[in-house]
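Chain residues, written in single-letter form:
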Amino acid sequence: MGSYLPSTAGQKRQMLEAVGVSQIEALYDNVPASIRLDGLDLAPGLSEMEVSAQMCALADKNHVFHTIFRGAGAYDHYIPAIVERVCNKEEFLTAYTPYQAEISQGILQSIFEYQTMICELTGMDASNASVYDGASAAAEAVAMCRDRKRNRALVSAAAHPAVIQTIQTYCAGADTEVALIPTKDGRTDLDALRAMLCDTDACVYLQQPNFYGNLEDAEATGAVAHEAGAKFILGIHPIAAAILKSPRECGADIAVGEGQPLGMPLAFGGPYLGFMACTQALFRKLPGRIVGETVDAADERCFVLTLQAREQHIRREKASSNICSNQALCAMRAAVYLAAMGPQGLQKAAQLSYAKAHYLAEELEKIGFPRRYPGAFFQEFVTETPLPAEQILAKLEAHDILGGYPVEGGILWCTTEKNTKAQIDALIGLLKEVCA
Amino acid sequence: MNLLFEKSVPGRACTLLPDCDVPNAALPEQFARQQPLHLPELSETDISRHYTELSKRVHGVNDGFYPLGSCTMKYNPALNEEIAALPGFTGIHPLQPEYTAQGCMEVLAEAERILCAVTGMEAMTFQPAAGAHGEFTGLLLIKAYHRSRGDLQRTKILVPDSAHGTNPASATMTGFEVVNVPSSPDGCVDLDALRKAAGPDTAGLMLTNPNTLGLFDKNILEITRIVHEAGGLNYYDGANLNAVMGVARPGDMGFDVVHLNLHKTFSTPHGGGGPGSGAVGVKDLLVPFLPNRHVVEKDGHYTFEDAEQTIGSVKAFYGNFLVVVRALCYMKMLGGDGMRDAAQTAVLNANYLKKLLEPHCDAATPGLCMHEFVLTMEHLKKETGVSAMDVAKSMLDYGMHPPTMYFPLIVPEALMFEPTETESKETLDWAAQTIAEILERAHTDPESLHASPTRTPIRRPDEVRAARTPKLRYSFDA
Amino acid sequence: MKIPNELLYTRSHEWIQKLDETSARVGVTDYAQNQLGDLVFVNLPEVGDPVTPGESFADVESVKAVSDLYSPVGGTVSAINEELLDAPQRINEAPYDAWFIEVGEITEYGDLMDAAAYEAFCAEEEAKH
Numbered sequence: 006m007g008s009y010l011p012s013t014a015g016q017k018r019q020m021l022e023a024v025g026v027s028q029i030e031a032l033y034d035n036v037p038a039s040i041r042l043d044g045l046d047l048a049p050g051l052s053e054m055e056v057s058a059q060m061c062a063l064a065d066k067n068h069v070f071h072t073i074f075r076g077a078g079a080y081d082h083y084i085p086a087i088v089e090r091v092c093n094k095e096e097f098l099t100a101y102t103p104y105q106a107e108i109s110q111g112i113l114q115s116i117f118e119y120q121t122m123i124c125e126l127t128g129m130d131a132s133n134a135s136v137y138d139g140a141s142a143a144a145e146a147v148a149m150c151r152d153r154k155r156n157r158a159l160v161s162a163a164a165h166p167a168v169i170q171t172i173q174t175y176c177a178g179a180d181t182e183v184a185l186i187p188t189k190d191g192r193t194d195l196d197a198l199r200a201m202l203c204d205t206d207a208c209v210y211l212q213q214p215n216f217y218g219n220l221e222d223a224e225a226t227g228a229v230a231h232e233a234g235a236k237f238i239l240g241i242h243p244i245a246a247a248i249l250k251s252p253r254e255c256g257a258d259i260a261v262g263e264g265q266p267l268g269m270p271l272a273f274g275g276p277y278l279g280f281m282a283c284t285q286a287l288f289r290k291l292p293g294r295i296v297g298e299t300v301d302a303a304d305e306r307c308f309v310l311t312l313q314a315r316e317q318h319i320r321r322e323k324a325s326s327n328i329c330s331n332q333a334l335c336a337m338r339a340a341v342y343l344a345a346m347g348p349q350g351l352q353k354a355a356q357l358s359y360a361k362a363h364y365l366a367e368e369l370e371k372i373g374f375p376r377r378y379p380g381a382f383f384q385e386f387v388t389e390t391p392l393p394a395e396q397i398l399a400k401l402e403a404h405d406i407l408g409g410y411p412v413e414g415g416i417l418w419c420t421t422e423k424n425t426k427a428q429i430d431a432l433i434g435l436l437k438e439v440c441a
Numbered sequence: 380m381n382l383l384f385e386k387s388v389p390g391r392a393c394t395l396l397p398d399c400d401v402p403n404a405a406l407p408e409q410f411a412r413q414q415p416l417h418l419p420e421l422s423e424t425d426i427s428r429h430y431t432e433l434s435k436r437v438h439g440v441n442d443g444f445y446p447l448g449s450c451t452m453k454y455n456p457a458l459n460e461e462i463a464a465l466p467g468f469t470g471i472h473p474l475q476p477e478y479t480a481q482g483c484m485e486v487l488a489e490a491e492r493i494l495c496a497v498t499g500m501e502a503m504t505f506q507p508a509a510g511a512h513g514e515f516t517g518l519l520l521i522k523a524y525h526r527s528r529g530d531l532q533r534t535k536i537l538v539p540d541s542a543h544g545t546n547p548a549s550a551t552m553t554g555f556e557v558v559n560v561p562s563s564p565d566g567c568v569d570l571d572a573l574r575k576a577a578g579p580d581t582a583g584l585m586l587t588n589p590n591t592l593g594l595f596d597k598n599i600l601e602i603t604r605i606v607h608e609a610g611g612l613n614y615y616d617g618a619n620l621n622a623v624m625g626v627a628r629p630g631d632m633g634f635d636v637v638h639l640n641l642h643k644t645f646s647t648p649h650g651g652g653g654p655g656s657g658a659v660g661v662k663d664l665l666v667p668f669l670p671n672r673h674v675v676e677k678d679g680h681y682t683f684e685d686a687e688q689t690i691g692s693v694k695a696f697y698g699n700f701l702v703v704v705r706a707l708c709y710m711k712m713l714g715g716d717g718m719r720d721a722a723q724t725a726v727l728n729a730n731y732l733k734k735l736l737e738p739h740c741d742a743a744t745p746g747l748c749m750h751e752f753v754l755t756m757e758h759l760k761k762e763t764g765v766s767a768m769d770v771a772k773s774m775l776d777y778g779m780h781p782p783t784m785y786f787p788l789i790v791p792e793a794l795m796f797e798p799t800e801t802e803s804k805e806t807l808d809w810a811a812q813t814i815a816e817i818l819e820r821a822h823t824d825p826e827s828l829h830a831s832p833t834r835t836p837i838r839r840p841d842e843v844r845a846a847r848t849p850k851l852r853y854s855f856d857a
Numbered sequence: 230m231k232i233p234n235e236l237l238y239t240r241s242h243e244w245i246q247k248l249d250e251t252s253a254r255v256g257v258t259d260y261a262q263n264q265l266g267d268l269v270f271v272n273l274p275e276v277g278d279p280v281t282p283g284e285s286f287a288d289v290e291s292v293k294a295v296s297d298l299y300s301p302v303g304g305t306v307s308a309i310n311e312e313l314l315d316a317p318q319r320i321n322e323a324p325y326d327a328w329f330i331e332v333g334e335i336t337e338y339g340d341l342m343d344a345a346a347y348e349a350f351c352a353e354e355e356a357k358h
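Residue numbers (the numbering used here), protein chains in the order written: chain U, 6 to 441; chain C, 380 to 857; chain W, 230 to 358.
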């Protein structure tokens with residue numbers, strides 16, 4: 006009896022007999038003899054105890070930093086305990102996509118609640134049930150804007166590099182041109198954008214706060230895009246959204262972002278969560294699954310996957326996206342996270358992240374790490390360094406601190422509500438030593 | 380039941396975050412949000428009970444039989460979850476220095492090594508987050524390959540008419556034109572039609588083998604040869620790998636690129652629709668084009684490398700890493716022998732269930748099947764008015780998840796069963812008996828089937844209303 | 230099943246009503262709407278788009294399917310029935326009132342049938358099922 010196989014040898018014999026074959030290999034008659042394997046060149050199976058030990062040993066080879074001052078697309082925000090407890094319920098974990106609404110109301114309702122929360126965060130009218138991550142959400146948003154007459158995407162060079170790369174990969178597939186909007190002083194250069202825009206541009210993508218942590222003039226960018234008849238896509242940080250002007254207030258047509266800060270661990274880059282929301286005018290172009298409210302045969306409120314005729318399983322080669330599996334359980338994590346935080350809790354997380362970053366920036370400035378770019382920022386900022394960044398960061402790592410992310414000769418620092426004043430002061434003390 | 384928003388009480392909250400311990404800093408007014416933010420205000424008790432109530436309105440693999448064809452709803456081992464929750468995996472920043480994340484990188488390298496052995500491929504990327512994302516990636520690799528050779532006229536992807544909808548959709552997304560290839564009456568690829576379709580404009584063929592009828596295409600070597608001789612590449616959709624892992628390898632069948640659904644074949648949970656992992660394996664000729672950040676080992680040390688002519692990134696970072704952790708756990712548990720055993724047992728279970736059901740209804744194809752099979756309710760519908768949908772909905776009342784309905788498109792009134800290897804003989808006997816009863820009732824009391832289900836949390840939903848007047852979010856004004 | 234005498238029909242179940250020498254209205258027949266089931270959305274072309282006999286100019290969505298509509302004529306779209314965007318059920322309720330597009334500058338006609346021929350064609354189709 007192999008792993009997780011309930012049938013005994015005796016039962017298998019009975020079943021083979023019922024099927025009318027003498028041995029199990031006979032079921033593979035259609036497989037040409039020349040490609041049938043004798044076995045795989047792999048180690049034999051192990052017991053659970055052995056596998057557990059091996060996997061724990063692998064986990065032990067990683068270093069979990071005690072203190073983290075690094076963001077750059079993955080943020081160490083606090084995860085309320087209830088998130089893990091709720092989302093590990095086996096019913097949620099082991100169900101498939103909720104095609105059978107009668108026995109999937111739990112998942113369907115949770116997605117409907119998630120969609121509502123994403124609409125609230127972004128101020129938009131409609132949200133889908135999630136896509137793979139923030140980068141692919143941005144790429145899918147660009148695809149929503151493209152049409153016969155408009156086939157170029159303008160993307161801020163101050164967006165996360167992985168987002169830019171992913172947009173480029175998706176657009177290369179679809180033969181859509183991507184042009185980068187240059188930056189000036191760590192922000193998107195609006196004059197350059199004005200000069201670039203033409204009537205064949207589909208959209209402008211801006212990230213708020215941008216990769217360098219700086220706050221952009223999102224409203225003005227949106228207005229410039231709209232003047233040229235292009236759509237405006239705003240990529241946001243979902244916790245910052247609690248205190249920053251919403252995409253709706255900035256005039257966005259589509260809001261997207263990386264949902265990882267909403268209750269997902271760092272987890273070496275995934276699973277994360279791509280969220281997407283848009284205005285009423287565009288909701289039929291949203292890719293992937295969408296849950297809608299309706300009633301059942303007894304006239305009770307219920308929820309179903311809806312607008313499915315947009316999707317690949319029906320529209321096939323005419324579908325505008327191929328996505329089917331998304332990040333449903335991550336979307337549930339985000340919903341539980343937002344329910345636990347509530348409006349005040351989310352604003353507090355944003356405000357704490359903001360205040361700590363500003364305290365850290367001030368303290369760094371005092372010891373010879375001036376900010377590279379002027380103006381407002383959220384929880385991340387770039388500083389110059391008195392010594393090469395690598396040298397400084399290595400020293401911090403030896404003290405169990407993951408310092409900021411090295412970018413273009415400087416360091417991109419990040420704080421969240423998890424960074425205490427004591428941690429920040431200890432960091433400053435250590436940096437003083439290193440640079441003395 | 381009520382929504383979170385309807386349970387919200389202004390002023391209620393969980394105590395989660397401490398007060399600010401640094402001087403407060405004020406966000407400049409011009410950036411500040413004015414729009415109200417309606418999030419629910421709840422206690423932890425409220426939240427716990429809400430989701431417990433929701434969990435009782437879901438059917439997972441842990442609840443019961445789940446023979447959803449093409450989805451491989453096998454049991455999701457408990458160990459996977461325990462290991463994926465280790466802080467040594469969850470607490471690792473994707474951009475922390477490589478020397479501090481060697482364990483994570485070894486997970487990726489080890490999973491790659493095993494999956495390459497299973498598929499007969501040379502290298503593998505874990506960046507794609509799901510099967511469709513893997514298809515997208517694989518087709519971009521094919522596109523990059525032809526372009527690198529200056530072979531620019533290859534604009535067409537051949538797709539059999541029995542394929543999953545993602546195949547043609549992925550081909551369109553990657554700028555290819557889709558050429559549908561008909562199936563022959565036995566459900567396999569029509570070789571003559573394939574020969575006619577393949578030519579100097581063929582970029583590649585996408586094939587699921589075993590196909591969506593649950594048949595291993597006996598002409599597989601001829602099929603891949605025809606495409607290769609036309610200058611195209613062969614893409615293996617791994618949706619149905621569970622039938623053949625350890626028995627035959629896509630690489631040996633003539634495929635150049637393959638995607639795997641770790642959330643199907645390799646036991647990671649579906650999570651109500653994700654996250655999955657659509658790992659993509661390639662033969663030598665496509666290695667130079669792999670997505671960014673491929674793990675390589677040098678003298679016992681792991682590093683990330685970008686391929687020379689990479690297609691770029693299909694998402695940020697390295698894919699759904701914790702899903703790969705789970706899959707690696709599973710593969711270590713089974714080992715080479717266990718994987719073969721699992722595949723064979725999956726095929727045995729499908730054949731056994733098919734045999735038990737055949738006296739009561741029509742199979743779309745006669746004889747042996749692989750890990751899944753398709754029934755057609757065409758006659759039943761003519762005789763009794765009871766459709767495949769009615770039969771499927773009736774199964775809900777017995778605590779059984781229905782099979783995949785109305786797919787593949789080439790079979791009328793189709794029901795596609797995939798029992799998987801982790802179901803016992805007792806479960807299969809019970810399922811067959813239950814379905815036989817339902818089919819019997821189609822003749823004696825068809826009305827009861829039209830009206831089903833009646834014992835589920837809700838009755839059949841009005842999908843027309845949902846689509847005609849879309850209500851996609853809760854309204855706080857109402 | 231209604232098949233008005235004054236209209237012409239295609240083998241793909243569209244009807245066409247000539248408005249004058251170079252313009253016409255196009256919709257789907259009663260037979261078609263019945264086959265398609267409850268329609269939930271339509272995708273219409275834009276005014277000014279060219280249409281070609283036998284080629285798709287719009288599609289209709291039911292809950293589980295999407296179906297193309299094929300133009301009976303060649304010309305240019307001169308009007309679209311925006312009412313259908315908000316009320317696709319009109320197609321099910323009154324298929325011959327629920328026109329999809331008006332085509333102007335008509336340059337060619339595809340193969341069209343009169344009511345009697347179309348009725349016979351539908352009977353044949355029905356027999357196949």
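What the hints contain is simulated information worked out from the structure, not anything from laboratory work. All values reported here derive from a predicted model rather than from experimental measurement. Be careful, since some hints might not be right.
[What the hints assert, rightly or not] With a straight-line cut-off of 30 Å between C-alpha atoms, the simulated DSBU-like cross-links for lysine-lysine are:
{"id": "1", "chain 1": "U", "residue 1": "Lys94", "chain 2": "C", "residue 2": "Lys435"}
{"id": "2", "chain 1": "W", "residue 1": "Lys357", "chain 2": "C", "residue 2": "Lys850"}
{"id": "3", "chain 1": "C", "residue 1": "Lys761", "chain 2": "U", "residue 2": "Lys66"}
{"id": "4", "chain 1": "W", "residue 1": "Lys293", "chain 2": "C", "residue 2": "Lys386"}
{"id": "5", "chain 1": "U", "residue 1": "Lys323", "chain 2": "C", "residue 2": "Lys734"}
{"id": "6", "chain 1": "W", "residue 1": "Lys231", "chain 2": "W", "residue 2": "Lys293"}
{"id": "7", "chain 1": "U", "residue 1": "Lys290", "chain 2": "W", "residue 2": "Lys293"}
{"id": "8", "chain 1": "U", "residue 1": "Lys94", "chain 2": "C", "residue 2": "Lys850"}
{"id": "9", "chain 1": "W", "residue 1": "Lys293", "chain 2": "U", "residue 2": "Lys323"}
{"id": "10", "chain 1": "U", "residue 1": "Lys323", "chain 2": "C", "residue 2": "Lys575"}
{"id": "11", "chain 1": "U", "residue 1": "Lys94", "chain 2": "C", "residue 2": "Lys760"}
{"id": "12", "chain 1": "U", "residue 1": "Lys290", "chain 2": "C", "residue 2": "Lys575"}
{"id": "13", "chain 1": "C", "residue 1": "Lys386", "chain 2": "W", "residue 2": "Lys231"}
{"id": "14", "chain 1": "C", "residue 1": "Lys575", "chain 2": "U", "residue 2": "Lys94"}
{"id": "15", "chain 1": "W", "residue 1": "Lys293", "chain 2": "C", "residue 2": "Lys435"}
{"id": "16", "chain 1": "U", "residue 1": "Lys66", "chain 2": "U", "residue 2": "Lys17"}
{"id": "17", "chain 1": "U", "residue 1": "Lys17", "chain 2": "C", "residue 2": "Lys760"}
{"id": "18", "chain 1": "C", "residue 1": "Lys386", "chain 2": "U", "residue 2": "Lys400"}
{"id": "19", "chain 1": "C", "residue 1": "Lys662", "chain 2": "C", "residue 2": "Lys677"}
{"id": "20", "chain 1": "U", "residue 1": "Lys371", "chain 2": "U", "residue 2": "Lys426"}
{"id": "21", "chain 1": "W", "residue 1": "Lys231", "chain 2": "C", "residue 2": "Lys435"}
{"id": "22", "chain 1": "W", "residue 1": "Lys357", "chain 2": "C", "residue 2": "Lys575"}
{"id": "23", "chain 1": "W", "residue 1": "Lys357", "chain 2": "U", "residue 2": "Lys66"}
{"id": "24", "chain 1": "U", "residue 1": "Lys17", "chain 2": "C", "residue 2": "Lys804"}
{"id": "25", "chain 1": "C", "residue 1": "Lys761", "chain 2": "W", "residue 2": "Lys293"}
{"id": "26", "chain 1": "U", "residue 1": "Lys17", "chain 2": "C", "residue 2": "Lys734"}
{"id": "27", "chain 1": "W", "residue 1": "Lys247", "chain 2": "C", "residue 2": "Lys761"}
{"id": "28", "chain 1": "C", "residue 1": "Lys760", "chain 2": "W", "residue 2": "Lys247"}
Hints, verified against the model:
1. U/Lys94 with C/Lys435: With a Cα-Cα distance of about 10 Å, the restraint between lysine 94 of chain U and lysine 435 of chain C holds, given a limit of 30 Å.
2. W/Lys357 with C/Lys850: 39 Å, violated
3. C/Lys761 with U/Lys66: 63 Å, violated
4. W/Lys293 with C/Lys386: 34 Å, violated
5. U/Lys323 with C/Lys734: At roughly 38 Å apart (the allowed maximum being 30 Å), lysine 734 of chain C and lysine 323 of chain U break the hint.
6. W/Lys231 with W/Lys293: Holds, because 25 Å separates the two Cα atoms, which is no more than 30 Å.
7. U/Lys290 with W/Lys293: Holds: lysine 290 of chain U and lysine 293 of chain W sit about 17 Å apart, inside 30 Å.
8. U/Lys94 with C/Lys850: It holds: about 28 Å lies between the C-alpha atoms, which stays within 30 Å.
9. W/Lys293 with U/Lys323: Judged against 30 Å, a Cα distance of about 15 Å means the pair holds.
10. U/Lys323 with C/Lys575: 24 Å, holds
11. U/Lys94 with C/Lys760: Distance of about 39 Å is beyond 30 Å: violated.
12. U/Lys290 with C/Lys575: 36 Å, violated
13. C/Lys386 with W/Lys231: 52 Å, violated
14. C/Lys575 with U/Lys94: Between lysine 575 of chain C and lysine 94 of chain U the Cα gap is close to 52 Å, so the pair fails against 30 Å, i.e. violated.
15. W/Lys293 with C/Lys435: 28 Å, holds
16. U/Lys66 with U/Lys17: Judged against 30 Å, a Cα distance of about 42 Å means the pair is violated.
17. U/Lys17 with C/Lys760: Distance of about 34 Å is beyond 30 Å: violated.
18. C/Lys386 with U/Lys400: 50 Å, violated
19. C/Lys662 with C/Lys677: 21 Å, holds
20. U/Lys371 with U/Lys426: 16 Å, holds
21. W/Lys231 with C/Lys435: 49 Å, violated
22. W/Lys357 with C/Lys575: 29 Å, holds
23. W/Lys357 with U/Lys66: The hint is violated at about 67 Å.
24. U/Lys17 with C/Lys804: 8 Å, holds
25. C/Lys761 with W/Lys293: Given that 30 Å is the threshold and the Cα spacing comes to 21 Å, the pair holds.
26. U/Lys17 with C/Lys734: 14 Å, holds
27. W/Lys247 with C/Lys761: The given pair, whose Cα atoms are some 40 Å apart, is violated under the 30 Å limit.
28. C/Lys760 with W/Lys247: Violated, at about 41 Å.
Of the numbered hints given earlier, the model fails hints 2, 3, 4, 5, 11, 12, 13, 14, 16, 17, 18, 21, 23, 27 and 28; all others are met.
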